[in-house]
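Novice: The lines below spell out each chain.
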Amino acid sequence: FTTRKLTIYGGLLLGFIMLESPLILVANQVEPMIMGIPFLFVWNLFWWAFLTVLFLVAYLTNWSNRDS
Amino acid sequence: MTGSILIIAAFMIIPLIVGLVSSRQLQDTSEDFFVQGRAMGSVAVFFTVAATWWSAFAFLGSNATFYTSGPVYLTALAWNLLFGFMYYWIGKRVWYLGKRFNYLTPSDLLGDFYNSEALRVLVAVITLVFTVPYLQIQLTGGAYLIEVASGGVVPFWLAALLFYFIIIVYVWVGGIRAIAWTDVIYGALLFFGMMFAGYYISGQVGGPVELFARLSASSPEHLTMPGPNGNMGYGMWFSLFMIVAIGAFMGPQIWLRMYSVKSGRLFNLMPFLLGLAAFAYFGSVLTGYTGVLLEPGLENADQVLPVMLMNYAPYLLASLIMAAGAAAAMSTANSQIHAVSTVVTMDIYQRYVNRNASQSRIVFIGRLSLVGFSLAAYIMALTVPGLLVTIGIAALAGTAQLIVPTIGAITWRRAHPMAAFWGLVAGVSCVLWLTYGADISNPLGLHAGIWGLIINTTLFVVLSLALERRDHDVVERFDQARQDYVAEYHPEQCDGRQTVVGDANQAR
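Top to bottom, those sequences are chains A and B. With my numbering applied, the first sequence has no gaps in its numbers, which climb one by one up to 68 at the end. With my numbering applied, the second sequence has no gaps in its numbers, which climb one by one up to 508 at the end.
Chain A extracted, bound-state conformation (with noise of 0.2 Å):
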């Protein structure tokens, strides 16, 4: 386990436990509506976005030479 490694695993960890343990159910509500869009879907996007980054910014750290 590097750093890096910790860090996105970990960041990962936490987008999903965001979005499908239990806690989903405290953001499970229309209000407050945010720029017009109920809670729960602002919730969900936000930890979309952020996973979907954090996906990307592992791409980049690769998560000396032969691949193909």
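Since the hints were derived computationally from the structure, they do not count as laboratory data. Nothing here was measured: the structure is a model prediction, and the numbers come from that model. We treat Cβ as the ideally placed atom computed from N, Cα and C, and that holds for glycine.
Covered stretches of chain B (in silico footprint by chain A; criterion: 3 or more residues with CB under 8 Å from a CB of chain A, positions within the stretch not fixed):
id: 1; segment: 67-79
id: 2; segment: 213-227
id: 3; segment: 233-246
id: 4; segment: 260-271
Once you have looked at the hints, place chain B on chain A.
Specialist: Relative to the frame of chain A, chain B by itself:
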């Protein structure tokens, strides 16, 4: 009307041309026909994986679920991310072993690692039995869209027949290369269609913000779990996340798209690309919810998108978006037909009927299987009713069970063949019993597939710990392969162990 017919004709003819052009590169070998000689490039891999995985289930079923059941389908954002992560973490290891030992099917890897003919046959049966119903819903969804888009000029039975005739022709001549090339067109069309349909249709009520404001006033239960019917709560949210991602990932068509990849580095990028593509689901949110306001009470919820398009969009635009929906169905169906023909040819014909078959004979049998399975799915589409999502999830719950022995094979030297076999039998039996036999289908709100995975995993771990493998040569061969994988891709984990490369052909 003429314009719509032209759009549908173009939609049918373009893949044929692409398939015929790609067939010029086809070599008459099983490896080229089934996995493109393990040399598929990055653009083709992304589009063929995405278009194969996004099906009629995604294009029509997502709108229908938002329309009838509230926000539960929003968990699709997470299941796309999980699918992408599995494609990197599991897929790259499967690709590495496939390249090293010349695997073409799920049974090849699992049968080889567990050194068990019974398991090899069981895996082949599971992939075939649970893939055909999923194939059937592609045909049902796609043919229905063509029927509507043509204004009934092309009836359902003829649309379905055309649908399959075209797939068979271009897969017959071009193999997986033709599929990947056509999937680039289909993939682009389906992502455009989902996004634009939502944007355009929600415009009929004043745009997304106005849509949510009106919905929160008139039907707020559509915006939170458990939805208007009260049956789509957290249990189903989590079940869908697990079952759809794992079930689709374990389908034989995705295994072929792991084996076909040219470069291991592409696996590192796919989670980001597949995660990004998930944004298209917001088109489905807007379409399904606008339907709640403008077209409440539809008898068949799968029809919410075509009904809205026909009632509120110009005819040409409606036809184009419905062609995009048919593209979603077709790009999954072509891959599934090709994948089940691979399983029949390699796991049954070559292994048990004619072990010494020539390469051209194997490819010919693969082509005949295309026709056989297409016919079976066509008959099912005409005779077996049901909502796309309901049938789809039951099928995915079956293939999802393969994840347990697969993770065992790529990570755990103690994983035992008896544990893999009985774990699979118990998991699949549980899925079938809870889906078709039990009084209660979703105990504690969790889908049958989740209960199958729990029983499967428990049996797998307990039996593997209790039993000891005696085929040390196989265990050592895979140990060495896993060490070489780590040395190749995670050198910081190495502690100076010896590595060996290039022992292909040892397994088959």
